[in-house]
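Taken in order, these protein sequences are the chains called A and B. At position 28 of the first sequence the residue is numbered 28 (my numbering), and the sequence of numbers has no breaks. At position 376 of the second sequence the residue is numbered 376 (my numbering), and the sequence of numbers has no breaks.
Derived from the structure by calculation, the hints contain no laboratory data. Certain hints may be false.
One copy or any two copies: either way a pair holds, since identical chains are not told apart in the list.
To be verified - With a cut-off of at most 30 Å between alpha-carbon atoms, the simulated DSSO-like pairs for lysine-lysine come out as follows:
1) K33 - K231
2) K231 - K2
3) K27 - K2
4) K125 - K27
5) K27 - K129
6) K382 - K299
7) K125 - K28
8) K125 - K2
9) K231 - K5
10) K2 - K28
11) K5 - K33
Protein chains: 2
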Amino acid sequence: MKDFKYLTPTEVVFGRDSESQIATLVKKYNGNKVLIHYGGRTAERSGLLDQVRNQLDAAGIANVSLGGVVPNPRLSKVYEGIDLCRKEGVDFILAVGGGSVIDSAKAIAYGLAYDGDVWDFFSGKVTAKECYPVGVVLTIPAAGSEMSNGTVITKEDGELKRAYDDDLCRPRFAVMNPERTFTLPAYQTACGVVDIMMHTMERYFSHDADMALTDEISEGLLRTVRDSAFKVLADSCDYRSRAQIMWAGSLAHNGLTGCGLTSDWSTHLLEHELSAIFDVAHGAGLASLWCSWARYVYKENVSRFVRFAVNVMGVTNDYTDPEGTALAGIAAMERFYSALGMPVSIRELIGRDITDEEIAEMARKCSFDGTTRIGRFKSLGKEDMEAIYRLAR
Amino acid sequence: MKDFKYLTPTEVVFGRDSESQIATLVKKYNGNKVLIHYGGRTAERSGLLDQVRNQLDAAGIANVSLGGVVPNPRLSKVYEGIDLCRKEGVDFILAVGGGSVIDSAKAIAYGLAYDGDVWDFFSGKVTAKECYPVGVVLTIPAAGSEMSNGTVITKEDGELKRAYDDDLCRPRFAVMNPERTFTLPAYQTACGVVDIMMHTMERYFSHDADMALTDEISEGLLRTVRDSAFKVLADSCDYRSRAQIMWAGSLAHNGLTGCGLTSDWSTHLLEHELSAIFDVAHGAGLASLWCSWARYVYKENVSRFVRFAVNVMGVTNDYTDPEGTALAGIAAMERFYSALGMPVSIRELIGRDITDEEIAEMARKCSFDGTTRIGRFKSLGKEDMEAIYRLAR
Numbered sequence: 001m002k003d004f005k006y007l008t009p010t011e012v013v014f015g016r017d018s019e020s021q022i023a024t025l026v027k028k029y030n031g032n033k034v035l036i037h038y039g040g041r042t043a044e045r046s047g048l049l050d051q052v053r054n055q056l057d058a059a060g061i062a063n064v065s066l067g068g069v070v071p072n073p074r075l076s077k078v079y080e081g082i083d084l085c086r087k088e089g090v091d092f093i094l095a096v097g098g099g100s101v102i103d104s105a106k107a108i109a110y111g112l113a114y115d116g117d118v119w120d121f122f123s124g125k126v127t128a129k130e131c132y133p134v135g136v137v138l139t140i141p142a143a144g145s146e147m148s149n150g151t152v153i154t155k156e157d158g159e160l161k162r163a164y165d166d167d168l169c170r171p172r173f174a175v176m177n178p179e180r181t182f183t184l185p186a187y188q189t190a191c192g193v194v195d196i197m198m199h200t201m202e203r204y205f206s207h208d209a210d211m212a213l214t215d216e217i218s219e220g221l222l223r224t225v226r227d228s229a230f231k232v233l234a235d236s237c238d239y240r241s242r243a244q245i246m247w248a249g250s251l252a253h254n255g256l257t258g259c260g261l262t263s264d265w266s267t268h269l270l271e272h273e274l275s276a277i278f279d280v281a282h283g284a285g286l287a288s289l290w291c292s293w294a295r296y297v298y299k300e301n302v303s304r305f306v307r308f309a310v311n312v313m314g315v316t317n318d319y320t321d322p323e324g325t326a327l328a329g330i331a332a333m334e335r336f337y338s339a340l341g342m343p344v345s346i347r348e349l350i351g352r353d354i355t356d357e358e359i360a361e362m363a364r365k366c367s368f369d370g371t372t373r374i375g376r377f378k379s380l381g382k383e384d385m386e387a388i389y390r391l392a393r
Numbered sequence: 001m002k003d004f005k006y007l008t009p010t011e012v013v014f015g016r017d018s019e020s021q022i023a024t025l026v027k028k029y030n031g032n033k034v035l036i037h038y039g040g041r042t043a044e045r046s047g048l049l050d051q052v053r054n055q056l057d058a059a060g061i062a063n064v065s066l067g068g069v070v071p072n073p074r075l076s077k078v079y080e081g082i083d084l085c086r087k088e089g090v091d092f093i094l095a096v097g098g099g100s101v102i103d104s105a106k107a108i109a110y111g112l113a114y115d116g117d118v119w120d121f122f123s124g125k126v127t128a129k130e131c132y133p134v135g136v137v138l139t140i141p142a143a144g145s146e147m148s149n150g151t152v153i154t155k156e157d158g159e160l161k162r163a164y165d166d167d168l169c170r171p172r173f174a175v176m177n178p179e180r181t182f183t184l185p186a187y188q189t190a191c192g193v194v195d196i197m198m199h200t201m202e203r204y205f206s207h208d209a210d211m212a213l214t215d216e217i218s219e220g221l222l223r224t225v226r227d228s229a230f231k232v233l234a235d236s237c238d239y240r241s242r243a244q245i246m247w248a249g250s251l252a253h254n255g256l257t258g259c260g261l262t263s264d265w266s267t268h269l270l271e272h273e274l275s276a277i278f279d280v281a282h283g284a285g286l287a288s289l290w291c292s293w294a295r296y297v298y299k300e301n302v303s304r305f306v307r308f309a310v311n312v313m314g315v316t317n318d319y320t321d322p323e324g325t326a327l328a329g330i331a332a333m334e335r336f337y338s339a340l341g342m343p344v345s346i347r348e349l350i351g352r353d354i355t356d357e358e359i360a361e362m363a364r365k366c367s368f369d370g371t372t373r374i375g376r377f378k379s380l381g382k383e384d385m386e387a388i389y390r391l392a393r
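Work out the full structure, taking the sequences as your base and the hints as a guide.
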C-alpha cells in the first residue's frame, strides 16, 4: 500500500445561506483588500456579484473586480490580474465562479508572490515558495478546484494548457450553495458530472489498489453522482441532487479519493491537448476520450475494470468471463455519457473528423516532443497517445 | 437537507516511514519548545518516545516530557501538564499515543491559553478563544481525536466525564504508521473498532438523512472496518487491514461522515456515565449499550434501520417485514460485537449485575439531574436513559 499525505485545510460552508458568511470568512483569513475575480454574464445577472460587493463594502473590506475569465482560462488574464492586484494593493483573491475562475485566481495568487513570470510554475521552471490567499464562492461544480491543490492555465502563444500542483494554493475557504447551480444549462451540468467522476476514476484505476476504504468511498461517490445526474437533468432545481453533485465535486478532487493509490491522469492529459486546440469544454473532452483510453489499457488489470463494472456501473459479473465483464462496464459508461448528452468520440465533440495531422500534433505536445510518457495504469508514449486519439476519433 | 460546515485542517502523514517527518512538521507549525505527552509503558518500551526525542533534539527543538495519561484521561494530569508547560515555556504540545493522550494534550493546550480553570470549558462556563497548537503521533486508532474538534476529560471529583468541542483544538498534524498498531492487544483493537464504527453510526442514525453521498461514505467505511477487524484479529501484523482501521478512525470522526446530517450521540453520552463510574474501556462500554439503544429507538425511523441492516450488516431485506429486517440488523451487530470479544450487556462489561441505584445515578448525571435531554434520533429524558440502561443490564 502506498504511503500518502492528506491535507485539506479549506473551510467549507455548505448550504442555502452560505453566501452570508463571505465577509466574515475573508476577515477570518486576513483579507484587507480583495480582488473579486469572475467570469461573465451569469455572475453579474444572477445578482451574486452585487451581493458579494455589498457584503464586503458593508464589512469595510476594500475591493476591486476583474471579470472576463473564460473556460480554459488564459495566461493573459492572469497577467492582467497580477498587474491590477499590484497596482491596487490587493492581499486576498476571491474567486466567484467555477473551476476556470478559481484556477485563474490561484495563478494570480502565485504570480503576486513571485518576482518572475508566473508561467515559470506551469512550465516547470520553478517551484512556488509562497501564494497569496484565495477564497471561493462556487457556482459551477466540476473542477473541484475549490478544495484542490491544482490550477490549469492555457498560454495562448502555442496553445499550451499546463497544470501546476502545490498545496500552497488550496483555498482558505469555499462557500457552496447548491441553489446557485439551479440555472446551469444541462450541457454544462453534464460536463461537470463527467469531470467530477473522472477526477475519481483517474485515481481509482490504479495497480496498487489495496486501500479498501478509498475504493469504497470512490465507488460510493461515483454511484451518487451517476444517480444524481439524471435527477438534476429531469429537475434542474432538485436541491438534494444538486447538493450531492456539488459536494462530490469537492471530495473527488481534494485528495480523499486518492489516499493510498498511484493515480493515472492519462485521460486528463490527453484531453488538455484537445481543449487547448479546439477550446472545447473540459468535461466533454474527457467523455470523448475515456472509453477509448479504457479499451486501450484495460488488459493491464482486468480485475480492476471488473470491479468498476460491477460496483459502479451495476453490470452483472460474469465470473467465467472477466474480460467480457470489464468491457461491459466500459460500454455502460459510454451509454451513460451518451444519455447525459456528452460526446463519446472526437467527431461528436468537435463536429467534424479530426485529421491525422491534428492527432500527431496533439500527441507531440502531450509527450513534450516524444520525451515524456504519461499514465501510471499503463505507461503511454507518443505512439500510444496517437493510438488512443485514433480509437476515439 | 441540513447545511453544514466542514473544516479538517490537520495535515496527515500516513505510512511506514511517517515518523521521520515529526521534527519537520513541528517546525512547519512553529513549535519551538515541545511538550511530549504520552501514556505509559507501550510508548516507552517500543522505542517510539526515544525516537521522537532524538529527532527533536537533532533538529534543535527543545522538549520536555510528561507521561502517565490513563484511559478516560484525568483533569489532574491536565493541570499537571499546564503547570509544567508554563514553567518550561512550552509552545507546542505533541501527543504520542491514542485518544486519551490526544484529548489530554488538547485540554492542556486550551488551559495554556486561558487564565482561569480549564474545567470551565468542559463545564460549559466559557467558550475558548485560543488554543496552543497540538500535533499527534498516533499509536491507537479508535477515538479519532487526531483530526477531530473534540476532547473528553474526566474530573475525578464527582466522577464527571465531559466533552468540549471546538475547531481551535484540531491538531496541526497527525503522523500515522499502521505498523505501530501491530502490537495492540486484541481487546484494545476491538474497542477501537467499536469506537470507530460508533462515531459513524452516531451520525448515520439521523432523520434528515437525505445526503446520499454521506450515506455512501459511511456505509463503505463501516463495511471496511467490519471486514478489517476480523483480518487483524486473525493476523495482528496485517498491514493493509491495520491501515484501513487507522484511516477509518480519522475519517469517522473528522466530520466527513456527518456532512448534512443531524447527529445523535446518545450512546456516547450514556457510555460516558458508565466509564466515569466503572472506568471501563470506552469502546467496550459502547458495545455494551448500543444494541439496547437501537432496540429502544428503532421505531422512530424503521427504514433507516432497514438500510443499515442491508447495506452495512449484509442482512437480506424482507420487503414484507421492515421491522423484522431492522431488528435483524441490530441482532447482526450484536453478533459482530460478540465475535470481536466485546460485551453486549453491562453485566458482561463490568462482571457483575448493575444495581438499580447505580442505574438511577448514571441517568441522573447524564440528564444533569433531569434537566437535560439527549439524542436527536429519539429525544431521551431521564426515564428513557434508565430504561435503556435496564435493557442493557
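- Item | Ascending list of hint numbers which this structure does not respect | 1
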